[in-house]
Every structure is written in C-alpha cells, then in structure tokens.
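> Chains as they are written, first to last, in my numbering: chain A, 1 to 343; chain B, 1001 to 1518.
Computed cross-link-like contacts, BS3-like style, restricted to lysine-lysine with a CA-CA straight-line distance of at most 27 Å:
| id | chain 1 | residue 1 | chain 2 | residue 2 |
| --- | --- | --- | --- | --- |
| 1 | B | K1441 | B | K1015 |
| 2 | B | K1430 | A | K240 |
| 3 | A | K240 | A | K7 |
| 4 | A | K314 | A | K7 |
| 5 | A | K115 | B | K1091 |
| 6 | B | K1423 | B | K1502 |
| 7 | B | K1236 | B | K1250 |
| 8 | B | K1423 | A | K231 |
| 9 | B | K1123 | A | K101 |
| 10 | A | K235 | A | K336 |
| 11 | B | K1088 | A | K123 |
| 12 | B | K1247 | B | K1286 |
| 13 | B | K1091 | A | K122 |
| 14 | A | K244 | B | K1442 |
| 15 | A | K123 | B | K1105 |
| 16 | B | K1247 | B | K1164 |
| 17 | B | K1437 | B | K1502 |
| 18 | A | K105 | A | K122 |
| 19 | B | K1423 | A | K240 |
| 20 | B | K1014 | B | K1437 |
| 21 | A | K242 | B | K1442 |
| 22 | B | K1423 | A | K244 |
| 23 | B | K1105 | A | K122 |
| 24 | B | K1423 | A | K242 |
A few chain A residues that face chain B, going by a derived Cβ cut-off under 8 Å, partial list only:
| id | residue |
| --- | --- |
| 25 | F133 |
| 26 | Y135 |
| 27 | N139 |
| 28 | E141 |
| 29 | G150 |
| 30 | F151 |
| 31 | F162 |
| 32 | A166 |
| 33 | A213 |
| 34 | L218 |
| 35 | L225 |
| 36 | V266 |
| 37 | A267 |
| 38 | V271 |
No wet-lab data here; the hints were simulated from the structure. Just so you know, even glycine gets a beta-carbon here, dropped at the ideal spot from N, CA and C.
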Amino acid sequence: MNKFLAKTIGKWKIWTAIAAALIVAGIVIASVFGFNLAPTADSVKTLTVRLESYASSASVEKIESITESKLREKGLEEKYSVDVELSSGKVHEYVYTFKEKIETKVLNEVKENVKTAFDAEKKNAESPLYNAFVYVTVNEEVMVSNLAKGFLWRGILAGAVFAVAAFVYSAIRHKLHGGALTVFGTVVSTALATALVALCRIPVTASVAYAFAFTALLSAALSVLVVTSLKEGEKADENKDKTKEEAALASLPVNLLCLFVCVVAVALALVGAIAVTPVAWLAVAALIGLVATAFTCVILLPAVYLPVKKAVDKKAEARARYDYKKGAKKANKAEKAEKESDQ
Amino acid sequence: MLRKEFRRHSMGKKKSVVLLTLITIVILVFCAISAIPSFPLSVFKKDSVKVWKPATAQYDLDADLSGGQYTHYYPEGVISELEYDAVKEEKQAKVDQAGLTEEQKKEYQDELDEYVSSYTQHKGLYLSTDPELDIVKFDSTTNEYYVTEGFKAAFKDTANAVAKRFEARGYSAYRVSVVDDYSLKAELPASEVNAVTVFSYFAYTGEFTIASDTETLFPSKADGSASGYFKSFKAKVTNDAPYIEIKTTKKGSSKLKELTDSEASVLNFKVGENVVLSPAPAYIAKQSDNVWVIGMNDLEVAKTVCTVLSSALEHGDTGLAFTKVDNSSYGVYDAVYGSNARNLMFIAVGIALLLLIALPIVKYGGFGVAMAYSTLTYFGVTAFCFAFITEKLMEVTAGTAIVFLLGLIVPLLLAARTHAYIKKEFSLGKTVESSVKTGFKKTLMGAIDVCSLLLLGSVALLIGAAGLHTLAIQAIVCVGAAAFCSLLWTRVINYLLLSAAKDKYKYFRFVREDDDDE
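One chain only, chain A, in its complex shape (with noise of 0.2 Å):
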C-alpha cells in the first residue's frame, strides 16, 4: 500500500483531475437526466387485483398464480419491481408496481386477460375463487410529494453550518490550512459520494439524505485524522532526516485506515445484503460514500497536504524574514532546542 501510495503523494494535480472530473459528470448527469428515482419516489403504474371476500390461503395463491401468468404472457415478468400486499378489513389487495416504462395498453390487455380468468374461476364450483367478488384494475399514480417542507434547503444548510463548524475548529486545532484541509476532505467526499450516486443511477428515495450525511460525518472524521496524522509526521524525531513526502509517507495510517474501510464496507454490504430492498439501496449509497472518502481521505488528502504545507511554510518564511520581532524569536527557539539537544 506505501508503495502505491509513494507512487500517488506527489501527484496532487490528477488526483485533484479526477475527483473534478467525477464531480463535473456526476453534476451534469443529474441536471441532464435528474437522479434515478426510486419506485417509491417517482411515478409508477399499477395493477391492482382486490378480493372482497374471505381471503383463504387457495384463493389468495389461485390469484396470485393467475395474475403472474397473465404478467408472464406479456413478457412483464421481470418488469414489476416491487409486489405489495394490501389489506384493510374487508379486503385484500395485491398491488403490482411497475418502475420500468410500461404501455398503459399492455397492462389494459393484462387486465382484461386476468379478468377473463377469473370470471372463469368465479363459475367454476371447484375453484377456491367460486363465487369469489374479485376485481381488477390498472392506475397510474404520479408522485407529486414526498419530501418535508424544507428537506432539500435545510439539509444543505445544515452542511454549510457543519462545513463551517468544522473548518473554525480544525483551524483552531491545527492552523488554518489544517481546517481548511479538513473542509476540503469533507466536501469533496460527499460531493464525489452525491456525484457517483447520479453516475451509478442508483435508486434514490429521500433516504438517500441519510447516506449523503454519513459520508460527512465519516469523512470530517477521516479527514481531521489524517491532518492530525500528517502534523505529528513532520514534528516526529524519526522524520527527520526524511524528506517531506518520505515523512508524510511514514506518518498516514493507512493500513489502520484501510482496515477500517474494509470493516465498514463488510458491515454495510451485510447490512445491504440481508435488509429490505430499499435498505439494501441505501447500503450501496452509504458505501459509495465510503468508497468516496476512502480516496479521498487516503489518495487524495495527503496528495494536497504536501503543495498546501510548503506553500504555507514559504509564506511564512517570507514573513519572518521582514518581521524582525518573529524571526528573532524564531532563531532564539531554534538556538534554545540546539542547546538542549546539545545537553
């Protein structure tokens, strides 16, 4: 991993290429095409079967048959993504809903085929739906709200508030380009994490809200580390005699970090891969976001790290050498640690 990463430090520009490049795309996709809506929060069709009478185990399996085969013979099979059963006293509802753009046309001649069945089955003594009151029907239901007021502009302000927080106490914590480090971890993971979601087509619903803050938190948290990480490289007494890179090299967590991903990433597939479907999506989000802050807070950061720290350690060497009162001071701790070092 250090050799790959001795490979990455010093090449800040096309780290910084291609984190641009991701988010660019990822913006375009979603102005050009939107984000890929999940059933739940988009426009679907539906085919609804009710039974408004006793709904014994034969009869709802005889309608449940009936009405995949009726989908089958349409080549629909596939097509229905979710299969809701409904219930509210008196009835029973079977709600098919299709994601996919479907012709109302096709789902009308579904509708009549199964209508036909059942019509059959409804005069036939020895079905378990004779005499049964069964109907059928196609609806189109277009969403026109599923976001609290104010979701979208309050969770942006809510991370312009944290992005602000976070800069003020790393700044203070590790000086401003510390914060500043700190800020651009944050934000740029979770604007690769919200980019790769649009690129990947990945179904959003307004859960997905919680994946895009987990990045954040995540990454804030990385991010910090490795400053803090970086920090402590350069004042190291083993990195002495190292250059800069060699020294930050030495300095990053990476196995630890890597480690750690690695979890994280085991825990969310497990979580993705067991949970309900729409969990499992948020899953997928929330790794991608850990995907997002893994590049950035291990490939990335560190690439950045170096050209800011030498530009900030050139400014303020120029300020040193016309402000008498620092450099002074600067040379009297220089020669007071020789002494000390000397005893």
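Add chain B to chain A, keeping to what the hints say.
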C-alpha cells in the same frame, strides 16, 4: 484519583477481577434487556399472559421497515374502477337472479342502465356525468365526454393544498400521488398512530370559518377574508401540556375577543363543513396582545389541526370536496418484505456487531477484549437511549442502522490507533506500562478531534427537516456513546484488564527482546 490508582498500579489483581466481573454483569444485563427476542413469559410462570419484549422491540419503525398506511381521496362524483365494478356486479346479479317477474327484471335492468350511464370511464376511475357536479360534459361532435376545465383547475389546486399539508406536517416518510389524474393517494408509515385522524382531517377542503352550533360567526360578509384576521396556528408544548397558539392581527384579536365574549356555548373552528376544533369560549385564552391559546390533550392531534387550519387560511376554498375518509376507507400494507423486515434489519446489524466484537479480539488479543467491552457498552447504551430516552422523539429508519454502525466503528478505529502508538512506544524500548501511558496520551487529542467533529456534525444536522432531524438526534446519541467509549471507557477497561493480566506482554501480543534472543 482513579487514574492515580491505576498509574501506581496499586489496584491489585483481585480488585480488578472483581470490578471487571461486576462491569461484565452490568453490560451483559444491558445487552440482554436490549437484544433477547420476544417470548411469552408463561415459560417461567404458567398463568402469565405477558410477553417479554426487548428494548429493540420498542422502537417506532418507518415505512420501509414496518410498512405503512394509505388512503385514497376521491372528489365527489369520482369513484374507482374497483368500486364501479363491484356496484355494477351487484346490480347485474339482481337482474340475473332467478324467479323475477318481467316487471321486476325491467326495473332492475333500468337501475343498472341508469347506473352505467351515470358514469364515464377515465383511466382507472369513473367520473359522474351528473351536470350539477360539472365534472364532465358531453361533446356531441366526438360523441364522447370530456373533463371540464373548471374541474381540472379545482382538482389541481386541491391536490396541491393537500400535498402541502403533508409536507408541512414534517413526516420523515410519506408519499402523496395523483392517481389517474383525478384522485389522490396518501401514504404514511405504520408507526403513525394518528393516521386515521390525519387522513380524514387532511381531506377537509373549504374556507376557514368559526361557527356556533347554529350559525357562522366569522367571517361575515362584512369581515371579508379570514387571512386578514389570522396569521398562523402553531402546536406548542409547555410543561408537557400541549396547546395551539393562534397569532392574529390587531383586528383579528379584537374579533376573537368579541367571539369569546359572545353567548355561544362552543366555538367551532371549521374547514368547509367540517369541524376540526370545538373549544368552549372560556378555553380560548389571550396570552398577549395578538396571541391566543387553546389547550389540547394530544400534541400530535394539535399539530394536525394546526396544519389543516393554516392550509385553509392559505388556500381558502379550492372549489372541490373529497368524499368522507373514515376508518373503513384506509388500508395498511406490510413492509416491502413483510413483517420480517425489522427482524432482517436487526439480524444484519447483529451480525455486524458480532463481527466487530470478534475481529479486535483476534487481531489485538487482550487489548481487543477491552475493545469488545467498549463495543458491547456502546450497544447497550444506544439501544437503551433509543428505546426509552428518545422514544417519543424519533422513529428508527434505515439511516439509524448506518449512524449506529458509524458510532460503533469509530471507537474501534481510535482504539486501534492507540494500539499502534503503544506498539511504537514499546518498540523504542519502554516498559509496557510506560508505553500504554504514552500511547493513550499521544492519541488523546486526535480522539478528541474526531469525536468533536462528529458531535459538531450531528448537532448541525439538527437544522435538517423531518428524517434528517431524527437522524441528527440518533447521531448525537451514537456519537455521545462513541465518545464516552473512546475517551474514557476503553481506557478504564484496558487498565482493569491489564492489572488483572498475568503476562502484560502477552496481553498486547508484544515480544520481549530477551525472548527473541532465546
């Protein structure tokens, strides 16, 4: 004091073991209360009808995990194809029944024909052809019915007003959709206990009025629009007592004063023809110049009432009424993969939890055991907080699982970093005690940085609306527990385990140099 004790290693092995045993028991009890699945208590006591429920079973779940509730809003004169077919089939059955006289058969046939001709199909809906309702008109050139522009516009305005009510109510998960152009479908999570009230109140359309039992008191023709008198309705709580705060204009305040001083026994706050609030005048109190309050029994109902009243104030009469929504006109649906959704989610998180307990023990030995204690403590604390402290504030969503994982893994990351520092110090030739002390000291500020940033982020998320706000509360609980585990608990457990350990080198899996020589 405790730290000094540890530093001097005056805590003997016996004391450490006793303390560790006590801590283990407490943690295990917490975890058991949180995670042991439900079972009937008749297993222990024959006559008992009670059922044991773990803390995790107390959570309110969102629609993805627990399913939801839904209703359809049909404008007057619009019915679904399912309803149309059911009534038609019923009428057809009457016609087809055996033993009817010709006269009866003709009567039933006429009834059926009249029913059929009184509706025209539009997609999955049937629209009334009654000219009084002005929904459709007959075009003699095309020989077809067409929907009037007036109905189209009224439906659009009403759908917009209803959707805004759900938006304003701030649900973390809900969905309002237009079905077949002229009906609405609204969905809420199963955890919403007042769903029937919400569904029926949100169907009310019309002007906001105040009336006594016999007549409309406000607004009269001279008063003009109600929006000139009332500014807002908000649900609030003081000392656990929910109430509705009404902000009025100056003339609104004097109008309300006039109404409360009137002889009416009750003041009905109405939306269209529907009463949403009916306090006696004595229960409407003036709080300040232009602020009035009405006490309520339930905050959630108060919020629903306020949303409907504010909406009626903003949108006025949209010119369309929905058929009544009551207990019989709403349905429930299971979570996408049935009632197992919650269990599947818990199983997934449980496996992740076990993995994160086992992995550090395998990798770090004795120090990994300290990390496992920390993980179990984190689980117990968050499970309890979610179930009992923040119970009424939030519902568990898929985001909760992710935030829980974040809080779970952060202490492990920070502990692993500490272990790396301890190892580094040890490799410089220091004793185990000194290495531990220096390792923890050197990583303290980094751990504080991480926890502080996570806490800042969680607090900033409180600005978010609905689900994000809920997630923020959960994140604060998780990050708080994670910070406690990282900054304090892992250290305490490590000192106890280290004090109790026979071989401190083995505890950290360190190898002594003299061992190497051998």
